[in-house]
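> Work the whole structure out from these sequences, hints included.
Number of protein chains: 2
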Amino acid sequence: MNSTFPQLLSQWAKEVEAALQHYFKPAAAPPLLYDAMAYSLFAGGKRIRPILAMLGAEICGQPRQNALPAACALECIHVYSLIHDDLPAMDNASLRRGKPANHKVFGEAIGILAGDGLLTYAFELLAEHYPQNCSALVLELAKAAGPEGMVGGQTLDMIAPQKTFLTSAFASLNFQSPPSNPPQQLLERIHRLKTGALLKTSIKLGALVAQAPKEQLDAIEQYGHHLGLAFQIVDDILDTIGANTGKTATDLDNQKLTYPALFGLETSKNLAQQAYQKAIHALEIFPNSPAKNHLENLAKFVVEQYHTKNNPST
Amino acid sequence: MNSTFPQLLSQWAKEVEAALQHYFKPAAAPPLLYDAMAYSLFAGGKRIRPILAMLGAEICGQPRQNALPAACALECIHVYSLIHDDLPAMDNASLRRGKPANHKVFGEAIGILAGDGLLTYAFELLAEHYPQNCSALVLELAKAAGPEGMVGGQTLDMIAPQKTFLTSAFASLNFQSPPSNPPQQLLERIHRLKTGALLKTSIKLGALVAQAPKEQLDAIEQYGHHLGLAFQIVDDILDTIGANTGKTATDLDNQKLTYPALFGLETSKNLAQQAYQKAIHALEIFPNSPAKNHLENLAKFVVEQYHTKNNPST
Chain A
54 MNSTFPQLLS QWAKEVEAAL QHYFKPAAAP PLLYDAMAYS LFAGGKRIRP ILAMLGAEIC
114 GQPRQNALPA ACALECIHVY SLIHDDLPAM DNASLRRGKP ANHKVFGEAI GILAGDGLLT
174 YAFELLAEHY PQNCSALVLE LAKAAGPEGM VGGQTLDMIA PQKTFLTSAF ASLNFQSPPS
234 NPPQQLLERI HRLKTGALLK TSIKLGALVA QAPKEQLDAI EQYGHHLGLA FQIVDDILDT
294 IGANTGKTAT DLDNQKLTYP ALFGLETSKN LAQQAYQKAI HALEIFPNSP AKNHLENLAK
354 FVVEQYHTKN NPST
Chain B
54 MNSTFPQLLS QWAKEVEAAL QHYFKPAAAP PLLYDAMAYS LFAGGKRIRP ILAMLGAEIC
114 GQPRQNALPA ACALECIHVY SLIHDDLPAM DNASLRRGKP ANHKVFGEAI GILAGDGLLT
174 YAFELLAEHY PQNCSALVLE LAKAAGPEGM VGGQTLDMIA PQKTFLTSAF ASLNFQSPPS
234 NPPQQLLERI HRLKTGALLK TSIKLGALVA QAPKEQLDAI EQYGHHLGLA FQIVDDILDT
294 IGANTGKTAT DLDNQKLTYP ALFGLETSKN LAQQAYQKAI HALEIFPNSP AKNHLENLAK
354 FVVEQYHTKN NPST
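In the order they appear, the protein sequences are chains A and B.
Add 53 to a position in the first sequence, counting from 1, and you land on the number used in this note's numbering.
Add 53 to a position in the second sequence, counting from 1, and you land on the number used in this note's numbering.
If you're looking for bench data, these hints aren't it; they were derived computationally from the structure.
Please note that the accuracy of each hint is not assured.
[Unchecked claim] Partial selection, computed: residues in chain A whose CB lies under 7 Å from chain B: (1) Ala72; (2) Pro83; (3) Ala142; (4) Glu161; (5) Ile165; (6) Thr173; (7) Tyr174; (8) Glu177; (9) Glu181; (10) Cys187; (11) Ala195.
[Unchecked claim] A short, non-exhaustive set of chain B residues, derived as facing chain A with CB atoms under 8 Å: (12) Leu140; (13) Met143; (14) Ile163; (15) Leu166; (16) Ala180; (17) Cys187; (18) Leu209.
Cβ atoms here follow ideal geometry from the backbone N, Cα and C, with glycine treated the same way.
What follows is the structure, encoded as structure tokens:
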């Protein structure tokens with residue numbers, strides 16, 4: 054792997070940070086609400102979704118700066134989902150990225166409202182900055198974030214802890230009878246909706262900003278799908294081996310369905326590797342370019358995280 | 054008042070009901086989430102916001118049916134706000150429209166997610182059905198519903214109960230020193246943001262669907278502003294005289310700032326009457342039409358509710 058790639062990631066994250074400072078301007082919001090939204094929005098993070106949007110625009114031939122408002126909208130959606138997921142009624146997490154969770158600082162009511170505010174503001178950003186292709190962008194983001202996407206995935210995640218998934222989760226999937234390999238099917242559906250949908254949409258928003266032709270959009274969608282899968286498997290692995298820092302309520306504590314719990318660690322690593330290969334393969338239709346190279350490195354970076362985190366010397 | 058107006062309202066509400074059945078179709082959502090969203094979306098209600106959108110399109114020269122998807126989006130936003138407002142961390146209400154509140158039936162986690170899902174779906178509806186003027190519609194709705202609108206108003210409402218508003222609320226308004234008439238200023242700001250913003254936007258979305266010229270949009274906005282104010286004052290009055298049924302956690306229980314608490318009942322009724330007059334006045338630029346007549350009757354109906362509800366024989 055290109056040794057400068059982590060440096061590139063951190064440089065792009067700084068561009069995202071500056072864009073958030075520039076575009077996140079609900080100036081007339083009550084100061085307390087503004088503070089609560091900003092507390093979580095500017096709490097750091099890898100900014101993977103915004104970076105995907107930027108690279109998605111770039112691989113389709115546009116300057117990545119054109120995707121910055123969409124990138125900020127994606128981060129608003131991602132951060133709102135973290136705030137709501139951490140609430141006592143949901144995952145009941147008291148830490149996020151090593152800092153007290155939003156509701157621990159501002160209280161549950163303001164935490165709920167800060168999430169609602171960020172979610173709504175994301176669509177304001179798209180409508181304001183992309184009047185020409187507003188419809189395609191809003192439709193893509195709303196579908197990925199809404200009841201058939203991320204919110205749906207979080208619902209399944211809440212009702213499908215390992216101990217009860219055979220009853221409630223099957224009912225929620227409307228299965229007439231249990232399928233042959235139900236846990237894997239359910240697990241993949243949860244991940245696809247909860248994490249995968251927004252990751253896939255992140256790079257797709259960049260391609261939509263660039264008004265990419267259908268063939269490119271399809272390839273981008275494939276890349277995003279497999280990257281999202283790899284991302285989630287690796288996140289499960291990191292939770293399992295205890296390498297995910299800054300979280301208090303891990304999926305293990307909450308007895309959630311995870312890849313290592315279902316397949317064991319080694320098979321999970323192989324599944325992540327397969328997803329990585331498919332992501333790379335999807336990019337083959339694009340001519341060589343720095344953006345293509347970056348997206349290949351990004352996928353590699355995602356699947357190799359457990360090596361790095363498991364072995365602090367690397 | 055035209056004796057058939059309440060019948061007209063109930064006929065339009067049925068049109069909204071049918072439109073919701075037609076347009077609210079997150080078919081791939083987990084059934085439990087779908088049920089939770091539908092439970093509140095189809096729990097009745099006067100459907101005032103959707104009706105305003107329909108009449109807004111009609112007074113600007115378009116068939117009101119063209120505004121139905123926008124009308125459904127408005128109702129999704131309104132219903133999401135009710136679900137989140139009723140949560141234990143917020144108003145802690147166990148009844149809504151005479152039925153158990155959403156979180157009482159589905160639990161807090163699913164209640165939060167059902168609200169998130171409806172909020173997101175509203176933007177999907179606008180993007181899908183109005184590709185031509187998506188940007189104007191999404192921008193209008195997001196601003197009215199977001200941190201500078203409804204979510205901001207709910208924040209002020211949460212942090213400004215009567216007993217503490219002189220401290221926390223002033224701070225939240227960023228006042229350097231208390232203004233001359235702070236409670237009225239704060240009360241009006243809360244209502245303008247919490248209820249007024251979405252009511253005003255409701256009729257404005259109809260006018261935007263009709264691609265109305267600026268002069269008409271401005272008049273519609275004035276009407277919506279004063280109607281929203283009248284609506285909120287009357288709602289406060291109904292809470293005070295105990296005529297609001299189907300609510301358990303009233304604003305009085307939660308010691309919230311209300312018009313009657315601040316001005317007394319008679320002055321509040323006069324303020325509602327003044328707002329009504331200003332709403333009617335704003336419509337003067339429109340030529341006579343059934344839609345204009347309906348909007349006048351709607352404003353009259355809103356301010357006369359306390360007569361009706363206070364005296365069951367009328």
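> Now tell me if each hint is right for this structure.
Now the hints, each set against the structure:
no., hint, result
1, Ala72, "violated (18 Å)"
2, Pro83, "holds (5 Å)"
3, Ala142, "holds (4 Å)"
4, Glu161, "holds (3 Å)"
5, Ile165, "holds (6 Å)"
6, Thr173, "holds (4 Å)"
7, Tyr174, "holds (5 Å)"
8, Glu177, "holds (4 Å)"
9, Glu181, "holds (6 Å)"
10, Cys187, "holds (4 Å)"
11, Ala195, "holds (4 Å)"
12, Leu140, "holds (7 Å)"
13, Met143, "holds (5 Å)"
14, Ile163, "holds (7 Å)"
15, Leu166, "holds (5 Å)"
16, Ala180, "holds (4 Å)"
17, Cys187, "holds (4 Å)"
18, Leu209, "holds (5 Å)"
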